[in-house]
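Let's have the full structure, built from the sequences with the hints guiding it.
Just so you know, the sequences run in chain order A and B. For the first sequence, position 27 matches number 27 in the working numbering, and the numbering has no gaps at all. If you want the working numbering, it's the 1-based position in the second sequence plus 1000.
Not one of these hints is a red herring.
Have a look at the derived ranges for each label pair, beta carbon to beta carbon:
no.	chain 1	residue 1	chain 2	residue 2	range
1	A	Ala-62	B	Arg-1056	44 to 50 Å
2	A	Val-87	B	Asp-1040	51 to 57 Å
3	B	Asp-1052	A	Pro-81	36 to 42 Å
4	A	Ile-55	B	Ser-1114	54 to 60 Å
5	A	Ser-79	B	Pro-1123	56 to 62 Å
Honestly, the hints are just simulated from the structure, not real lab data. No residue lacks a Cβ here, since even glycine has one placed at the ideal position from N, Cα and C.
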Amino acid sequence: MPDDPNQNSASALDTAYNDGDNAPQDGVAPCPANTWFRVRLVDEDGQIMAGEDFIVVDSAGARHEGKLDQNGEFYIPPSIPFGKCTVQFPNVHLNPKKRKK
Amino acid sequence: MTASFRGMTVLVIRNEQLNLLTESARERWLAQHVKRCFPDFAEKLQPSELLDFIRRNRRRAIPYFQSEAGVSLYIDLVCLLGEGFSDDPRLPWARDILTNSSIDETQRRVMLYSRARAHLLGPIPQGRIRRSA
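Structure (structure tokens):
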């Protein structure tokens, strides 16, 4: 570390200037880790909709398909990238509970 | 605010609330930046005072810089040169650079940094070659 106070100030400015290059653009530093996804589906009466088919497309475009468990839920463990996912229940209209009487 | 979706209660975050969260994250990053780069300066301030300092000077920087890197440099210079450095008649170069509309923000940041660095180092003594830091 230089002893000259002027040099110290200039060095501090250099350090700060370089650190400023890492300032998050939107105020939130991007997190490189993956994330999880969980959904529970219930009908208008709050009844769980077990066994319903689902399709999730994550932000990287990967498709995850399956059936909801006995609690009307599915869970994707921390393995998908951050971002928006789309969720579809392609056969929900075929569910006897959802058929018009 | 909550809303109902297919019988489920979901939390709705409005844009205004999201902006506040983002604003808060920016302020926190700047506070950490000041602590990292100017520890002696930051030490003299209570956490709430440091946050007030960041907010006050961030408002002053925004007319000149859109980017967080630019705002960060402005706050760095406040730490080194004092609040109001951009209007200080003893530092006319600061105002000249900040208000120069013929250069873009990236150039403004580089010019401000270079000029401030030269100012901090002071005049080069006769017959000596200055080592760079």
